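Chemist: The lines below spell out each chain.
Number of protein chains: 2
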Amino acid sequence: MSVTTSIVQFDSLELDCGQTLGPVDVACQTYGELNAERSNAILVLHAFSGNAHAAGISDETGKPGWWDSMIGPRKAFDTSLYFVISSNVLGGCSGTTGPSSIDPATGRPYGSRFPPISIADMVRLQKMLTDSMGIGRLLCVTGGSMGGMQALQWAASYPQSVASVIPIASTHRHSAQQIAFNEVGRQAILADPDFNGGDYYHGKYPERGLAVARMVGHITYMSDESMHLKFGRRRRKSPGDSDLFEVESYLRYRGVQFVSRFDANSYIVITRAMDTFDVTVARDSLEDSFRPGETRFLVLSFTSDWLYPSYQSQEIVRALRSRNRDVAYIELVSNYGHDAFLLEAGEQTPLVKGFLENTYQRLAA
Amino acid sequence: MSVTTSIVQFDSLELDCGQTLGPVDVACQTYGELNAERSNAILVLHAFSGNAHAAGISDETGKPGWWDSMIGPRKAFDTSLYFVISSNVLGGCSGTTGPSSIDPATGRPYGSRFPPISIADMVRLQKMLTDSMGIGRLLCVTGGSMGGMQALQWAASYPQSVASVIPIASTHRHSAQQIAFNEVGRQAILADPDFNGGDYYHGKYPERGLAVARMVGHITYMSDESMHLKFGRRRRKSPGDSDLFEVESYLRYRGVQFVSRFDANSYIVITRAMDTFDVTVARDSLEDSFRPGETRFLVLSFTSDWLYPSYQSQEIVRALRSRNRDVAYIELVSNYGHDAFLLEAGEQTPLVKGFLENTYQRLAA
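Heads up: the sequence lines are chains A and B, in that order.
Sequential numbering of the first sequence, starting at 450, is according to the numbering used here.
Sequential numbering of the second sequence, starting at 450, is according to the numbering used here.
Treat the hints loosely; a few may be bogus.
Since the list can't tell identical chains apart, any single copy or any two copies may satisfy a pair.
[Stated by the list, open to error] Heads up, simulated SDA-like pairs for lysine to any residue below, C-alpha to C-alpha not over 25 Å straight-line:
hint : residue 1 : residue 2
1    : 679       : 763
2    : 686       : 561
3    : 686       : 727
4    : 802       : 530
5    : 524       : 808
6    : 679       : 759
7    : 679       : 707
8    : 802       : 517
9    : 512       : 701
10   : 653       : 642
11   : 653       : 635
12   : 653       : 643
13   : 679       : 721
14   : 512       : 702
15   : 686       : 564
16   : 686       : 562
17   : 686       : 721
18   : 679       : 727
19   : 686       : 731
20   : 524       : 782
21   : 679       : 764
22   : 679       : 758
23   : 686       : 733
24   : 679       : 755
25   : 686       : 730
26   : 679       : 730
Derived from the structure by calculation, the hints contain no laboratory data.
None of these values were measured; they are calculated from a predicted model.
Just chain A, with the same shape it has in the complex (with noise of 0.2 Å):
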């Protein structure tokens, strides 16, 4: 399945800091096919560096979609059954608009001049693209690790739009602990001269900073055994290095790798986002956050997961039931820490596949 990236515009969207962007472009890939009730569309939302390329061979790349394990025809999310459609967030560095993107009002690059941004607005213009698709209520809106908190929002913000969410190894806020890492990845960037305060489109990258970034990133990502797994204690000689042990080896190589394909700004502006998310805000309460409406949640996380450990989870679980809302929730046993939502697809397929199949058959009773 190769496929191709749209760019759709609007004209303007209104963000929580009470400014107003515009013009917007959403980059965006579909797959499969919307039924003629239009009721067979899922949301697919990418994690916090990914991009509209969710899943099937990309045209320019050549390379699988990051769910691609998930996403096609059989797999998970059934593209001879739904309609699946992924963008790249706002804020973001691969089509949609945010911090590297023209900026109408000088001719250059935003920059420092990028608003700060939120996860609602992420999910704000999210909706704004599927009305444009003329598609009333989305069957599933779902994600891993920052695309779980967008689907979290969707439920807040559109209840009467989404049939069911799965947020996968994801939170409704985050931790000290995750604000500690994404702060760390903030402040290596920061040191870096070459940032320059956030205007280094016309000068040097500041590579250095973002690769360090990547790095913490990198470990946050894995578990303490994925690590042991794959790397353990070995050593590599690295060319014009000395003796390396190879898991330091994979991290530099995996921060060098980042810099080509991210932007430090966007880097900034979306973990941002992410710090700041709180589904309760609006509402007080977490039990009150998820209005009375059809809307049913399949949660999921992983054992080995610690970035976003279970916990995290089963406090929405917790907050649901006591509501008396429609909510499954698995813990599944994994060792690739946060990685899992990426890699286990084997583990989630049935479990997906069960819960859309009788949402969507709910839906046409």
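Since the structure of chain A is provided, determine the placement of chain B on it from the hints.
Modeler: Below, chain B alone, put in the same frame as chain A:
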């Protein structure tokens, strides 16, 4: 109890890397009195960023030592009974020879010319120090974290010279995850252009990189729960900056504070020593690393310590038990994470006290 630091100088030290370093200074403090039989000496070894000032109130700074809650009259290491020695490690920057010391060959700080060192090198220098005090056998060698690694190395290198060891929140070798966190710190320093390959003593110090490195460290020293209790999602207005989470402003403060007392080259040299440390290296198996002898072991770990998790202490205990060695192990309940070895004096004191008393009585018998 007011204390001062003494410097003891040795002509030279043979290093595991094959080089010889000389002269070598050792900064040390002692508390209590050495008895006539020289049988009541305890060597206390600091963690990564510690120094010789373990107990009492410093003459220079007016501050208590890093383990003042554990060392003193009637405390865990009771200075009315025992003679306690604390020294700054080789490679450090608090009086003992390290990269910021003057290289006699050039008359300038070693900087990039400082040789790679090992935990065994640190221990060799400590042995020279206790030998110079006329102490044939130490009653106990103890320390938390990297201090515990040195204590284990003492038991492996000099089993006849140490009656007991108490490694706390430690490991016999670093896991891939532990190496990874250290590597991020090193890369943050190397990414700072002011680092200048390690020769920065006559110019600007790599303050930004070192501060970022320390921020990563601080997260790993705390637990998810202790960060939640200490900071939660509380915000604070910081001067000249936007609304920050308290955890962000705390990490920034700790980063900046660290820069004023620690040397970036020491950071690199000492974390490398920790990462390459493997107490089993001479004997292949952990079981055979501690040669038959009279050394007794008390191994302590903490439930919420995810940087040096309990399973690492349990590996040591299992190996010692399988050779029928004298070892006691206690996992203490704490939510302070790795910092617990510094903070949970109340929990550790009765265990340490009883163990020392028992060891002392056996020696006297």
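Chemist: Hint by hint, note whether the structure agrees.
Modeler: How the hints compare with the structure:
{"no.": "1", "hint": "679 <-> 763", "result": "between (29 Å within a copy, 22 Å between copies)"}
{"no.": "2", "hint": "686 <-> 561", "result": "between (41 Å within a copy, 21 Å between copies)"}
{"no.": "3", "hint": "686 <-> 727", "result": "between (46 Å within a copy, 19 Å between copies)"}
{"no.": "4", "hint": "802 <-> 530", "result": "within (11 Å within a copy, 69 Å between copies)"}
{"no.": "5", "hint": "524 <-> 808", "result": "within (17 Å within a copy, 64 Å between copies)"}
{"no.": "6", "hint": "679 <-> 759", "result": "both (23 Å within a copy, 21 Å between copies)"}
{"no.": "7", "hint": "679 <-> 707", "result": "within (20 Å within a copy, 33 Å between copies)"}
{"no.": "8", "hint": "802 <-> 517", "result": "within (15 Å within a copy, 59 Å between copies)"}
{"no.": "9", "hint": "512 <-> 701", "result": "within (22 Å within a copy, 39 Å between copies)"}
{"no.": "10", "hint": "653 <-> 642", "result": "both (10 Å within a copy, 14 Å between copies)"}
{"no.": "11", "hint": "653 <-> 635", "result": "both (18 Å within a copy, 22 Å between copies)"}
{"no.": "12", "hint": "653 <-> 643", "result": "both (6 Å within a copy, 17 Å between copies)"}
{"no.": "13", "hint": "679 <-> 721", "result": "between (31 Å within a copy, 21 Å between copies)"}
{"no.": "14", "hint": "512 <-> 702", "result": "within (19 Å within a copy, 43 Å between copies)"}
{"no.": "15", "hint": "686 <-> 564", "result": "between (45 Å within a copy, 20 Å between copies)"}
{"no.": "16", "hint": "686 <-> 562", "result": "between (44 Å within a copy, 22 Å between copies)"}
{"no.": "17", "hint": "686 <-> 721", "result": "between (38 Å within a copy, 16 Å between copies)"}
{"no.": "18", "hint": "679 <-> 727", "result": "between (35 Å within a copy, 19 Å between copies)"}
{"no.": "19", "hint": "686 <-> 731", "result": "between (54 Å within a copy, 22 Å between copies)"}
{"no.": "20", "hint": "524 <-> 782", "result": "within (20 Å within a copy, 45 Å between copies)"}
{"no.": "21", "hint": "679 <-> 764", "result": "between (32 Å within a copy, 20 Å between copies)"}
{"no.": "22", "hint": "679 <-> 758", "result": "both (21 Å within a copy, 19 Å between copies)"}
{"no.": "23", "hint": "686 <-> 733", "result": "between (55 Å within a copy, 22 Å between copies)"}
{"no.": "24", "hint": "679 <-> 755", "result": "both (18 Å within a copy, 19 Å between copies)"}
{"no.": "25", "hint": "686 <-> 730", "result": "between (51 Å within a copy, 20 Å between copies)"}
{"no.": "26", "hint": "679 <-> 730", "result": "between (40 Å within a copy, 21 Å between copies)"}
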